[in-house]
Each structure stands twice: as C-alpha cells, then as structure tokens.
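Engineer: In order, the protein sequence lines correspond to chains Z and B. Just so you know, the working numbering puts 354 at position 354 of the first sequence, and the rest follows in order with no gaps. Just so you know, the working numbering puts 431 at position 431 of the second sequence, and the rest follows in order with no gaps.
No lab work stands behind these hints, which were simulated from the structure alone. One thing to keep in mind: the hints can contain errors.
Because identical chains cannot be distinguished in the list, a pair is counted as satisfied if it fits within a single copy or across any two copies.
What the hints assert, rightly or not - With a straight-line cut-off of 27 Å between C-alpha atoms, the simulated DSS-like cross-links for lysine-lysine are:
| no. | residue 1 | residue 2 |
| --- | --- | --- |
| 1 | K140 | K35 |
| 2 | K383 | K86 |
| 3 | K149 | K173 |
| 4 | K341 | K86 |
| 5 | K383 | K104 |
| 6 | K113 | K166 |
| 7 | K369 | K393 |
| 8 | K166 | K149 |
| 9 | K113 | K86 |
| 10 | K173 | K146 |
| 11 | K423 | K341 |
| 12 | K35 | K102 |
| 13 | K86 | K393 |
| 14 | K78 | K173 |
| 15 | K363 | K35 |
| 16 | K363 | K423 |
| 17 | K35 | K104 |
| 18 | K341 | K393 |
| 19 | K149 | K363 |
Treat the numbers as computed from the prediction; the structure is a model and nothing was measured.
2 protein chains.
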Amino acid sequence: MSNTFNSPQPLCHYDVVIVGAGFSGLHAARILARKYSVLLLEASAQVGGRVRNHQFANGDVVDIGGQWIGPGQDRMYKLAQETQRKIFPLYNRGDNLLFVGKRKIRYQGAIPKMNALALADLGLMLRRFERMALQIDPQKPWAHPKAQKWDSQTLHSWIESNGFTKTAREVFKIGIGAVFAGEARDMSLLHALFYAASGESMEHLLSVSGGAQQDRVHGGTWSICSAMADELGEGCTLNAVVRKIEQTEDGVSLCYEQEGAMICVSARKLILAIAPNQINRIQVSPPFPAWRDQLFQRMPTGSCIKYVARYNQAFWRDEQLSGQIASTQGPVHVVFDNGEKGKDAGLLMGFVDGDTARTWDTKTADWRKQQVLQCFVQYFGEKAAQPAEFVEKNWSAEPFIRGCYAAHMTPGAWTSGGEKLRKPEGHIHWAGTEMATEWYGYMEGALQAAERASAEVHSLLSRHLERAIK
Amino acid sequence: MSNTFNSPQPLCHYDVVIVGAGFSGLHAARILARKYSVLLLEASAQVGGRVRNHQFANGDVVDIGGQWIGPGQDRMYKLAQETQRKIFPLYNRGDNLLFVGKRKIRYQGAIPKMNALALADLGLMLRRFERMALQIDPQKPWAHPKAQKWDSQTLHSWIESNGFTKTAREVFKIGIGAVFAGEARDMSLLHALFYAASGESMEHLLSVSGGAQQDRVHGGTWSICSAMADELGEGCTLNAVVRKIEQTEDGVSLCYEQEGAMICVSARKLILAIAPNQINRIQVSPPFPAWRDQLFQRMPTGSCIKYVARYNQAFWRDEQLSGQIASTQGPVHVVFDNGEKGKDAGLLMGFVDGDTARTWDTKTADWRKQQVLQCFVQYFGEKAAQPAEFVEKNWSAEPFIRGCYAAHMTPGAWTSGGEKLRKPEGHIHWAGTEMATEWYGYMEGALQAAERASAEVHSLLSRHLERAIK
C-alpha cells in the first residue's frame, strides 16, 4: 500500500478483516474467529449497525432500530438462544385501528372492515402480487422471464394499474411504507417482488402473529450484538473509520482512521458488511469496475424515523386496543405497542417513513415531536398527548449508516448488475443484509449473508492451507 | 479543523475554494478570480471533467468526452470566442441510416422513412412528450401539478403506455439512450421532461443542424478548458483529491491529498462543482442533513462508452452517407462522422450507452473493439473493419467521475428533495451541470450553474465587505 499520510507500514496482519459490526459483520467475525485471526472494524462508537437500544430515564430499554423476528428466521432465534436472550411476542391483543382519510375502522386480526369493494380490491392486489413474488427465485431475480418488464417500472406504477379503488391503493402503500421504509416509487417492481420472495411472502412480511412482526427480544435486539461483540473482545474495534483499501495479489491492505490517527493493517481476505450506500465512499485501489460502482450508485438506502413515546400506563390496552394502527394520512402511518408486560408496558412506537422521513430534518425536533404526538392523540385520544418520555431515531442522519431499513434497487439495477452483485471482488467478499438471498433487509438476512461470505472465505483460506501442507 | 493525519494547520486562506475543474469549476474560478483569491482543486491529472481530448498517432485530436454545442447555448459560443477557438459544424451531408432489427432504412433529414403507422406513432409520442415538457418550468419541475404522478413512474413506463408500435417505442428509446446515456427506466418521467425543458425541447436535443449536435470546437472542447486553466495559472491545482470538508461559522476548512501528502486550506466560501455521485464520497463535517445525503444517493450518473475509429479516408462520404446511424440492435446504437474536412476526416464515433456501457467492462478490450467494429461494418461495409486507430473511453470507469453524461434523478428524487437541491449548505455552494436549470447535462449547463453559484458567492462576499467597510 502506498504510504500516504505518512502512516506506518501495516502493523498487523490478519487472516480476515471485516468492516461493519452490525449483525452481519459480528456474525461473520464470530464464525471465522473460530479458525482464523479476525479483526472487526466498526466506524461508530458502538456495534449494532442499524440496530440500537435507547434507555429511558426510568430504566426501560427500547429498540430504536431493527427489532422484530418471526417464523422462518431460524438463525435469529438460534442466535438469541446462544446469547441467552429471551424472546417475547409483540403485544397483539385487542382491536387494531385503520384510518382511511378521516374514517376510523376498528377491527380484529389482519383484515380491516373496509367497504366490500375496497376490501375485495385490496385482496386481489395482494393475491396478484403474491402470485408474482412466488415465481421469483430470490437467488436470481434477474432470471425470471418477466424480469426485464418488472424491473423497468416502479412498484408505484404497478399499484396504480392494479388497484381499482383509491382506498385499496392507499392501504397497499401503507404496507409498502412500513415493510420497505420507502415510497413505492423508490424501487422497481422486481425489487419489491424479490424482497417479498426472500422473506417468504408479502403477507408474512405484513403480519404480526405468524409473521415478520411476531416476536421481540427482551432487552432489545442490540443486546445480542453486544453479547457477540463481548465474545470477540479485542477483535472488535470501535470508532475505526475505514478510508482506504488496496488489493494486491495476496490480499488486501486497509487503512482506518481512529482517534485522529491513521492505522493500516493487512489481511488475506476482507469482508465488507456495510450498506451499499457506504461502500463507494471508501477509496478502493484498484478502483471497482465500472459496473460495480454504477450498481452501488443505484442502491440507495430507504428512509425511516422511529419514534417511541413512553407513557406511565399502556392506557390503550384498557380500551381493548392493540396499539396497532395504520393510517393513510400520517405522518405516522404505522404504530405498534412496543411494550412488554408489567413495568415495561406503556410504549407506543411509530414509524415516519419514505419521503417524509427523508425530508423531516428540515423541521425542528420540537415540531416533529408535536406532529407525532398529534397523530398519537388522533389514534388513542388525549392521554397520548403527554408522554413521560419521547425518543426519535432518524437513521438517514446517522453517519456511516445514512438510511434504513435497507437499500432499494432502483429500476434497472437488478437486471443490469444484480447477477454479479455478490460475486467476490478480488479478495473482497460481501456481507450485510443487502447481500442476502433470504430475508433481504432483515436481521436474518444479515446473518444469512454473513454465513455465505464466511463460507466463501473459509473455503478459500482452507484450500490455501491444504496447498501449503501438501 | 481537527488536526487528523498530523496534517499541518491550514497553510493558506482563500476567499473561495472550488472543487472540480470541469467546465463548471473552471468557469466559476475564472469569474470569481477577477475579484477574489480563488483556489481550484482538481482530483485528476488534467482539467476538463467529463470533457477530454485524445490525440491519435497521426496528430488528429478527437473529443472523447462532451463535444457538441448548438443554438441556445450562448455561453459556450461566447466562451469559445473568448478562448479563440474555432467552431465548425458537425458533418451533416448525405443520407442517414436507421437500422430497425434487420431492416435498413436510408433517409435524409431528421425523419426516417419507417412504415407509415410506426412513423405516425413515433410522431405522436414525441408530440405528447414535448407538450408535457413544455409545461415544465426547469427552475422548479417539482411544482408542476402533475409532478407527483410523473415522478412516480419511469420514463420507460411512459414509453410503454404511449407507443403503440414496437418500432416507435424502440426508436424512441434509441433517442433516449443517445440523449441521456442511460436506459429509459433509469430515470423518472419527470426528470426526462425537465431535462428536455432545460434544453429547449426533446427535438432540439435530438437534432443536428439547428439542434444540440450542430457544432463542434476545433481542437476539441477540452482546448477551451485548457485555455481557462492557463488563465488561472497557479490558482488551479491538479491531482488534488479532496478528502475532508469542515464547516465553521466563518467558512470552511478543507483537506486534500496530493502526491501522498495531506494539505489543508481554509476559505470563506466553497463551491462544489463535481458530479453528485462524487459528493457523498467526501467526508463532510458537520455531516450533510439526512435529506441531502438521501437525495445524492438518488442521483446516480448515467453510463456511456465513447468509441472513435480513425480511418485513412472518410469512405462513407463518397457513398453519400452522412455517417449518422441509429440502430435498435446495437450494441453501438448511435454513430456520427466526427471528422472535420481534409486531413481530419475519417473519424467514426459511436456510443455504447446505458446497461451495455455499464456492464461492458466485464469483457476484454479486444472483445469490445470487435463488437464495435462489427457494428461499423454492418453500418458502412467491410472497409470499416480495419481502422488505422481506435480509441475507447468509458467514463464510468474513470475515478472521480464514474459515469456520464450526467446524473439521472431516479423516481421520487425531484419531488422529495429537488426543491432544496441547489440551496447553499452553509458556506457550500453548488455548481456542475447537475445543478443547472438551463441545459442540465450539457457543458452549457455547467456554465450556467457556475454563473449562478458565483453570483451567490459574490453577493455574500461583497455584502460582507460592505459591512466591514461601514
């Protein structure tokens, strides 16, 4: 590596360096550290990536990043068990509320009592979407016979031409906002279908019991990351911002900035476990091929602000409300009761997503809080006006993250470069939930991508070892 | 500025630092240098940005970047005059050829002799497109009553539902590829309409005589940049890669890497005149607000590879061919005769654009050359098989550029953040063709944005001066 910044020559050599200590990087490090020397670098002051805890003054800990796990996410359940975390179901008793314009509909289960036409329309839209998604092989969405067609239009266009009632289209879009943290126009139809296919089905992604919002982790999902980091000990380094990567024939050199100093290390293999929007921000030498740089340019991350209001009592539960809200008007389109039982009860969690989230930092924090509380009051009555505590997390404002939940493939991205997306680039292997073929965008996807990348690296390093022994 | 990398404290102070020495940065520097101390930093080894010359072994100089100017681009004509460059018209005599699938159509002027139905269909599509584009105020495309609708679909979707014959749709898409260096699905319909509106009309952008491909600059457009840089002298610094920008109340500090050293300077105002895909790659402190980072994530640059084959004779001219080709099959979809008269004749220039350009670097240079020459042979006969020289320029592979001609706003970008795009961010002002409201994507746009940014900076600095004097 050229000795820029008067940095010392590489100080340490590792078998594997991993960049990004979210679920994916931590999991990969944990797997590989069993056999190899591993260094895990995290740019932020804490591990967890798009997963984080907030502790309220009363001691309650709440997730302000990724929080749910559900059936089919076997790796997450296993990991929670291995790290001694307790699982509990999302509070799911009582009635849900749906607000369509100014109408309020109270209902139980997954299906709101809308007018029969809108309901039938919504049902048909969902069925049509699912039928298409079922045909997608999430290993290779680009290979579907209609991939070009589906990748050339936005999901929005599909909704417009497949929903015949305004209500059905609007309710469908609430679901999209909540599942993707984005607008239906932010991504291609093919990406939306792939996303659903990678997570079993859209219905699964939309559901609480039996679906992707079924379970929570006691103490927050971040506590799993924390336990994983503890296991790694000194192998995990915080506040380490990777600036330069140089590939050679034998491996990589890498320089990171830490507390004002530039530190360089070398490794035989490198795993990048960061969001695609971050990858092109690192100087890489030789530069990535044109197709890869162009592809990462077409993988912007979604946007979502997560709000949690803490009340001394979960008063809505007394009124037989589940706390689950969907609203076509917003700005808070979706709400959940994020509390456990007993002392941990009294938490309302709301999402502001897509364009609103993207542009809300032009307003003051106080204005945003008032907007959110006005929604809560509309949904749950005046008692919601005065929470004991209130927290906001805007993932698009977070340096080294810059969006959530995950990258949306813009129209054309999957079919022009997707096939090569996960292929190693020299000694660089790819992890992070965006490199998953199962549960893309979820913590489970982060683990799946980590396992695939680790297996690739292990296979190469062990072959190398075999050759050395022979 | 925090003294990372053990860099010295800011050595020099300037009124204005400008990043990026393309047409925009050079023009801004030239304007501001009349009144202020200015430093212009260029990351590459030469000025010009997406404009560059190639000199063949026989001495002929050809444009391998932006090359055309046309009526309405007054700033460019004026600048060419000021820098003593001669203008000449693109060779435009004889017949054009259109290849639709395996059919070859020879025609004169702008309108090919397709079958009547396809021709009428294409005409109607263009008229419908123009009618919409005419309604767009390029100062504020987001303000059109249908902006949300037009920004929620891809241009591709519009073409599919507005072209009734396959031929018309395919020919329209060749035009889009040539005008935008992208696929119709890469951008929103609103962006395409804005783009056309900012450059008078789509017909204007598609035309040679009387349109955006009318004129060339003798010695290459790059020679204008070179003359501007000469004028600036030491005020323009090459191989200076900006890594860090820090804003304070009074101005900015900025560190750039040059020949292995980190050099820091300070300035009262900063103009960024680089492509949006490059902006987020610089570390900025305090970080850009969420909306701006998210917006730049949604402004990927198009992709285009430019090929020039030099022949000892412009043999196609003898056959009364203009050298102008459009082909629905490609991979070279568009060809022009890029030669002057006399000794400079014999140049065929072809574009490979969009997805093909984006992914062609997975093939060998020789394979690509054969593909291009096969097209030339198909279009002009066997004599095209053996050029004396051949040059390829892939702008997506170019570090510090990573695409061309310009950024495409993906669906939703204009209406979610466009309104604030050009607003100064603290002491940072925005130039580059993507910040233009006239001739977005063109060299003329680069100049227009430079003039707007310079005027902003001048207005602020002179007001400051007035206050200081009082």
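Engineer: Which numbered hints turn out to be false for this structure?
Structural biologist: 1, 2, 9, 11, 12, 14, 15 and 17
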